[in-house]
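Asker: Here the protein sequences line up with chains H and E, keeping their order.
Numbering follows the working numbering, in which position 92 of the first sequence is assigned residue number 92; successive positions increment by one, without gaps.
Numbering follows the working numbering, in which position 189 of the second sequence is assigned residue number 433; successive positions increment by one, without gaps.
Since the hints were derived computationally from the structure, they do not count as laboratory data.
Some hints here could point you the wrong way.
Below, simulated SDA-like cross-link-like pairs (lysine to any residue); rule was C-alpha separation at most 20 Å, straight line [unchecked claim]:
# : chain 1 : residue 1 : chain 2 : residue 2
1 : E       : K546      : H       : L213
2 : E       : K546      : H       : R217
3 : E       : K546      : H       : V212
4 : E       : K376      : H       : E55
5 : E       : K376      : H       : V212
6 : H       : K39       : E       : P302
7 : H       : K39       : E       : A434
8 : H       : K135      : H       : S85
Here is how the chains run, residue by residue.
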Amino acid sequence: MHWLPLLGVAVVVIGFALRFNPVPVVVAAGVVSGLAAGKSVADILTLLGTSFVSERALLLFVLTLPAIGVLERAGLREHARNWISRLHGFTLARLLISYLAIRQVLCMMGLTDIEGHAQTVRPLLAPMAEAAAEKRGAPLAQEERNDVRAFCAATDNIGRFFGEDVFIALGAVLLIQGFYAQHGIELEPLQIALWALPTAICAFLIHGARSVLFARRINAMATPVEAASDPVEKQKLPDADQHG
Amino acid sequence: MLTIEHAYWLLALFLAGAAWLNLRGRRGWHAAFWTVLAALFACGDFVLDAAKSHNEVPAQLAGIGVLALAVLAPRMHRGELREREEVMREADALRLRHKLFVPAILIPLVTMAVALFGSYAAFGGMRLFAQKQMTLTGLALACMVALIAALWVTRARPRAGLIEGRRLLDTLGWAALLPLTLAALGGVFAATGVGDAIAQLVRMAIPVNSALACIVAYGIGMVLFTVIMGNAFAAFPVLTAGIGLPLLIQLHGANPAILGALGMLTGYCGTLFTPMAANFNIVPVALLELPNQSDVIRAQWKTGAMLLILNLILMYFLVFRH
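Turn these sequences into a full structure, and let the hints steer you where they fit.
Answerer: The following block contains the structure:
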């Protein structure tokens, strides 16, 4: 057993801890781990190149950006906000829970890529959630706005992860089945998918409850003083440097 | 026939367009970054085909491209990209109202239509969509349909698609690339035996005769490995071959179907904790313009931790039933 390739893991951990830009950290980890395993530079380059281009599907979400951008230019986010703020009874908690339920059910049917951070969270869910939160009667402070957006992204992730495992025709279930088949254990996909259901239901209950608590916290933080503050201020985007 | 390669070429075209706009805007680092990435996307299939027939030069050039991206990434600072004024956006929003939702909804709807019915679509005896990665091919098609609809609804000029798309792409910046680089790292880790070393370490640390200790080691191992790799799919075969199969299934008689399903889900809890799962935890930070890298993780780790404990309990009580 070879322990040296674990150096690559150390590079990742240290790089992330020191808040270097993650892209060079990750590439460096690959190079270190390859060198430690005794591979030649040419082999490492081949390995990096082929692994990178075989995973191109991960960037396809970028194709949504032109359409979403054009709609944003014409006020998509503003309209989503206006619309939700006119709908009575559509509270932040209800919005988050409905989104979670839809996301989980669609993923259980194998439709994982039709919603996502680029497709639905930025253009629709986040502005709707902000508008729903502002129904408390006071505009959101920048920090609260960030919290609401982050919670939307979290809700999308949880809905996706704990939905897709129940779908039998691709991804997780087939990977599990394939692994066991290689080791001489034959299983039906449905046998595996069924046992993902209890966790899926618990994920909905736990995150749903957390959504209610989160919405309550946002509601409780409304201070009437802020309502009078400059309305232009809230539209400013954070310009903090993200490059860590 | 539409295949996933067409989608990659389309994406390469968009990246090249974004590079061109950046070059004209005197943002050289951004221009170089998107140019290299566009080249990697356009030539990807050529690289893979060449590697299959043992010509490794294109793959090595692609590897150099990846190194170049790593060098360029830290130089991409988020600059000032002007968005249309809010007053004008607000005015358009009041005029166009729900019409604005139609193109946005078209993205999921067309993708879903292709995913569900794409296998039956044919024209003159030829299938319209290749079977391989049909949903993602559908997503690419849906994006084009939505773009045309968006231009039509908003009466914007076609080049607005490139300009606005590039604005969002530059907002993402290097974060867009992270999922791909991490996946490539996964490939390298798998080829250099990192996984086996970790499974070995875990086995050295636990008393193998205790079923509970094995369950906890398997579950925590799945989480830790997922946190390091950013992907439960990478962790599953390693940990199940290292701990699940020999100790839990063969030694303690665990039910493989239940163990597999719950083991994978335990790994998913780990995905909620880690910046390595960049497409879920870092990309949205950039897309939603949040100030800290860890904002999304902070919003979700409690749900993940509760589900992790719950999964370990479920595993302990379900897998040994007969």
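Asker: Does the structure keep K546/E and L213/H at a Cα separation of 20 Å or less?
Answerer: holds (12 Å)
Asker: Would you check the hint for K546/E and V212/H, treating anything up to 20 Å between C-alpha atoms as holding?
Answerer: The given pair, whose Cα atoms are some 14 Å apart, holds under the 20 Å limit.
Asker: Can you confirm whether the C-alpha distance between K376/E and E55/H stays at or below 20 Å?
Answerer: holds (14 Å)
Asker: For the pair we were handed, K39/H and P302/E, check the Cα-Cα distance against 20 Å.
Answerer: Given pair K39/H, P302/E holds - Cα atoms ~18 Å apart, limit 20 Å.
Asker: Would the hint linking K546/E and R217/H be met if the CA-CA limit is 20 Å?
Answerer: holds (16 Å)
Asker: Below or equal to 20 Å on CA atoms is what counts here, so check K135/H against S85/H.
Answerer: holds (7 Å)
Asker: Are K376/E and V212/H close enough, with their CA atoms no more than 20 Å apart?
Answerer: violated (41 Å)
Asker: Just to be careful, I want the Cα atoms of K39/H and A434/E compared with a cutoff of 20 Å; is the pair within it?
Answerer: Satisfied, since the Cα-Cα distance of roughly 13 Å is no more than 20 Å.
When held up to the earlier numbered hints, the structure conflicts with hint 5 and nothing else.
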